[in-house]
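> Taken in sequence, the protein lines are chains A, B, C, D, E and F.
The first sequence runs 1 to 133 under this note's numbering.
The second sequence runs 1 to 133 under this note's numbering.
The third sequence runs 1 to 133 under this note's numbering.
The fourth sequence runs 1 to 383 under this note's numbering.
The fifth sequence runs 1 to 383 under this note's numbering.
The sixth sequence runs 1 to 383 under this note's numbering.
Read the hints as simulated data drawn from the structure, not as lab findings.
C-beta atoms are modelled at their ideal positions from N, C-alpha and C, and glycine is treated no differently.
Among the hints, erroneous ones may be present.
Chain F residues, not near chain A, derived (Cβ > 10 Å throughout) [to be verified]: (1) H76; (2) E89; (3) R115; (4) K202.
Some chain E residues judged to face chain B by a derived CB distance under 10 Å, without partners named [to be verified]: (5) L17; (6) S21; (7) V23; (8) T24.
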Amino acid sequence: MLESLGLIGTGFAVVMSVLASLWAACSVIGKFFNRPKPDSTSATQAAPVPPRAAVASRAGVPPHHLAAICAAVADTFGPGYVVTRVAAPSHKVTEWPIEGRKDTFQGRRIRRDWGPTRPTLGGETPNILRGQQ
Amino acid sequence: MLESLGLIGTGFAVVMSVLASLWAACSVIGKFFNRPKPDSTSATQAAPVPPRAAVASRAGVPPHHLAAICAAVADTFGPGYVVTRVAAPSHKVTEWPIEGRKDTFQGRRIRRDWGPTRPTLGGETPNILRGQQ
Amino acid sequence: MLESLGLIGTGFAVVMSVLASLWAACSVIGKFFNRPKPDSTSATQAAPVPPRAAVASRAGVPPHHLAAICAAVADTFGPGYVVTRVAAPSHKVTEWPIEGRKDTFQGRRIRRDWGPTRPTLGGETPNILRGQQ
Amino acid sequence: MEGTTTETSKLQQLWELTAISDVTLSMVIMWVVIAVLFYLAVYKKYEPLLLIPIAFGALLANLPTEGLINQPHGDHPGGLYYYISLGVEYEIFPPLIFLGVGALTDFGPLIANPRTLLLGAAAQFGVFATFLGATIIGFSPQEAGAIGIIGGADGPTSIFLANKLAPHLLAPIAVAAYSYMALVPMLQPPIMRALTTEEERKIRMKSLREVTRLEKLIFAGMVTIVVILLVPAASALIGMLMLGNFLRESLVTERLTKAAQNELINVVTIFLGTSVGITMTGDAFLNASTLKILGLGVIAFGIATACGVLMAKLMNVFSKNKINPLIGSAGVSAVPMAARVSQVEGQRADPGNFLLMHAMGPNVAGVIGTAVVAGYFIAWYAG
Amino acid sequence: MEGTTTETSKLQQLWELTAISDVTLSMVIMWVVIAVLFYLAVYKKYEPLLLIPIAFGALLANLPTEGLINQPHGDHPGGLYYYISLGVEYEIFPPLIFLGVGALTDFGPLIANPRTLLLGAAAQFGVFATFLGATIIGFSPQEAGAIGIIGGADGPTSIFLANKLAPHLLAPIAVAAYSYMALVPMLQPPIMRALTTEEERKIRMKSLREVTRLEKLIFAGMVTIVVILLVPAASALIGMLMLGNFLRESLVTERLTKAAQNELINVVTIFLGTSVGITMTGDAFLNASTLKILGLGVIAFGIATACGVLMAKLMNVFSKNKINPLIGSAGVSAVPMAARVSQVEGQRADPGNFLLMHAMGPNVAGVIGTAVVAGYFIAWYAG
Amino acid sequence: MEGTTTETSKLQQLWELTAISDVTLSMVIMWVVIAVLFYLAVYKKYEPLLLIPIAFGALLANLPTEGLINQPHGDHPGGLYYYISLGVEYEIFPPLIFLGVGALTDFGPLIANPRTLLLGAAAQFGVFATFLGATIIGFSPQEAGAIGIIGGADGPTSIFLANKLAPHLLAPIAVAAYSYMALVPMLQPPIMRALTTEEERKIRMKSLREVTRLEKLIFAGMVTIVVILLVPAASALIGMLMLGNFLRESLVTERLTKAAQNELINVVTIFLGTSVGITMTGDAFLNASTLKILGLGVIAFGIATACGVLMAKLMNVFSKNKINPLIGSAGVSAVPMAARVSQVEGQRADPGNFLLMHAMGPNVAGVIGTAVVAGYFIAWYAG
Ligand code: NA
Ligand code: NA
Ligand code: NA
């Protein structure tokens, strides 16, 4: 029982100290990454809209788009909301178009006449080969 | 030889009895699942159209759609055909749209300007990173 | 040292002879595949356009398309270029449409009402089952 | 390796590095056999997914390779296929293939019309008849069992049983099983037509009822329980088949179903095929046994087809709800080709007749039936 | 097997081939348990990706199978699951799952707000409290450690530790871990509401800053180094977790990331689940220990939830930047369900409050924390 | 672990649980090396698919881990990488990678212009020259062979041979091979320009004929047969390479080709990379040998490039059909980068010159050539 308590005490201390070390390390490292924008820690409380908009604008969003977006946000959520970042919807480039492009480049099969290439029933490879077979 | 015949006799008996047991079990279980529709065993021979149509309708197909479909079927195949089920073409939800959505949520890359994101030659990850790198 | 030189001499001889054997074998085999078109070895230097065009035409490209393409090539690259092959862009049939078709055939889920099938949040399978569950 | 070696001895040394002198006549003959297999697989499309790996494995087996199949000794590791072939020897690959097959199989038509289970059972008589024939022409009972299972038209099951009862016959049995499965569209129709009348071939069957998810899940569990209770030696095959099917029909484990249907089955197929092919040395393949096995295989397919058809006719004697006997032949499994043959023959007699879904019932029942037979043989001999 | 056997003895022989006589009462009872697990997995969607394989494995374990789990002897190979289970026994599968988990996890919210690491640490107190309770009611210390880790709400870690400290309890621990993870949306809210005031639940947190690729890569490397230095016994779990995450965040190894997120994790999940289930024999599962473990599991979850919430309140005492204590409960991991619970509870108090991303911080911190605890137990007992 | 321990001893106990005291200076130095590797892989995109796993494996090797690489003893299982590394030790992973490489490679350009096989052969002279240099500066012949193969610019082959002839040098050889492959665009152009005249660089080659499916299949079979007959010790590499290519070119096994190109190669790459990295301990890496190997590697690449170019010029002396010597450098393999370098240099001299497809011939010939050289070294030393 006492032994168990010893284990528990040590154990919880280990967990806390490991994760606290990570916290400390993260904070130190995070400082380096936050430094370029010294006003960022107090940004949400008091940052005026224009500089932010400028930041967003610098990132490629046209200013008149930004103005329209800010107006829409203000209308929807009411005051107290600040637009801090504007980005186009994330168009993640999945592997498929790239793979498709690779497939096209590899070009194992070439359509030799004008007719369309159709998948066959049962998923067999259609009989349209590059060579004369 | 006689031994072989013994093996064969026993063996075929085993196979028949195993699959016959499965048949019996399936039939018994099947009864439970067929019970809600007591007329289903004789449906194809004599089932009147309206109840079926009602069933289909209950499943979400609007009655006037059903009437139109039945008319088209009667015109195409002639008498003797009964519409027993109407369903929209099976739109199997493959994993890809879901995965795509997940990818979007994970949002590792965000387009920071208005320009399109294009796959690069060779399938490399395009140089559009969430952060400032 | 001398031993090393022996190893190197033998080794380089091995590599050269293996790949030279492959060259020889390839050339012999290649002869069989090139034979049907005896003029092909000198084709790029002097092959007249018409026979080639005929070949391409036999492969399914309408002659008037071919004429137009040759004219365009001549205009773009200048003289000295010969159109040796015309093919529609390679439409590689990837697995996906076929798989999609298979999925449709397997049809595990059928939409029972007119509403659209949508992926759910978290990628769960939507609750549209073939049976009544 | 001294610097003073003469030119001649150097050439000799070079020659000794090569393995040309290790080529035997049987290897060269096997190359011809392999070329035929490649031709059938690539141009005739005889089950290419398995015949190509098998044939390539056979090519490697009939070359004087080094470091590909040798056993480990001391610190030296074994060859690549010493390790990969453990998947066959330890009987791991066939059940994994069955996991994928289960994830790809829809037992709905069978559940909707469970009578067709008997057709799948009847077709197994081909296995036993071939077993008898094999013992008569001199094979040992174990060998005969492994040969008979060819009539079950189930590749992984054949490999599983052959590895257990007669590993030295693994290659010819696998080749026969996959080749004849591909030949089903040619082997079956004459037998089907000879045993049925025009009227029988025109029988239309009533359409199948819908089967719910719950019923499919219960079926998967029930088959697992019943078959393992009655034929425990079939546990590995049936267990994996039904695990794959349960994952599929649960509809909540899409990720795992896809993995079983694709990644797992594809990778294992490459390894299984080449491992089988690599046992196909000239000594093991070029002998009278192989010819006998190929001959017995045809007989097995023929009898299985006939028994399926005849069982359907027998059932029609006792049942009011007539079965089209053309779907009986689908009981040999060879999914889904045998079912397609039933459909084609049915439409030849009556173009408005659609037998495909009805034939899928005996077709998938045949898979279960063959696994049961395999379990029975294992219990009888290998226990 | 003589030809002169009488009809009776033949039937007897047939009976002896079957395994019906080997069915025990405990098997039949287990079938009911398994049916309940299937119901929960399929219809209630309790972590079906793992509970279905576990339950199917348990079904196989509670049937008189042959050739599925037997050890090899002499020339006879072992059963299929003798080989597959080596992946659990040799502790290979859980780290591979962690490789995939790492490739699926975004540590961004944690890096943006590293204070939440403490919440992930606090939730581990549930593990230790349960350990204490388990020792008090009679479990050995090793068993108690393996049981306590259920409170960490991390399936692979639980399996990893149970296999090391108390392999005979593997099945009930895994079942408890995955079942309660699925029950998080029911277990946590009452505790969360009891321990917080309306005002606390309404606290809005400032939005998270962006985290760059470099920062994420440094984080992955740093966690690897710090955790392995402080708790070397957690090396396998943390090493693989962070390898997967590094591949993901490098953005230049898309192929490998996808392989870890899909192929690898899916195939290993099938094998891991069934291997765990196959240890779930009636003898091992139907006893007082299982009931105790299930009971202790609930307690573990409850205490972990409470400690997370209380730690958040404690941190608010010392910090100007208030934390919404509702995100403390996410420290139990159960990614991403616990974070969703925080979000839902937060919006119940204030519909305009979005806690999801904030809760992801303690949520993923909990994964690291539980791996640390597992390493600590291993170092203490298994070293 | 008694309850009466004083505070001090408890802290000491806690300290002993950690492994901070096991950190050595060489580990810390290795961290810097690893950081450089990560930088090259992530930001410079030097073969990230392999360098990232290698570097992460090296990180794990240079931390005081527990339960990650230890051998099994008694009932205790080995560490995770004890098991995964068996794939390298037993020489399983490199041939599997080659299976995928074969499924990804189009030998068409080589078949259309088989003369370029000689260019792929000539580039192997770099291997032998480096072998000579390595023996001169004090490496044993086996070590020298493993080092020389770096000049073949073929990762899996280098790992395969290093594991066989000089396993203690596995890490530096693999790192050198993959790093220099990534450096090809910087290393080759100066050599190519120095050895060619402006006129030679402007040579246009006649366009390649089409190659039919049958011809590609015959090629795959023929290479298998010829290479195994002449250099049987290359069986595993060439056999798998050509199996993958046969599957690809058969056009009837799409499923298997995709599995080899994706699932198999991706998963094996993760395991292979980390297994190689985990041998990269400070002791094994931080010594004069590594520096020598890195130096010899550059020389190997340079000589291989030069020999390829010179062989093309030599062939032009005897042939009417001139070869552009810029494609000779592609014979070092490093597919497809070396071919791209040829294309770029060709267009620098004449923007209308398209050498890419012509350079693919020697490029893939180099893969075969390096496998032949590896087989030759194995036959000479390891037999
Ligand atoms: Na069958
Ligand atoms: Na946790
Ligand atoms: Na090379």
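> Sort out which numbered hints this structure fails and list those numbers smallest first.
6, 7 and 8
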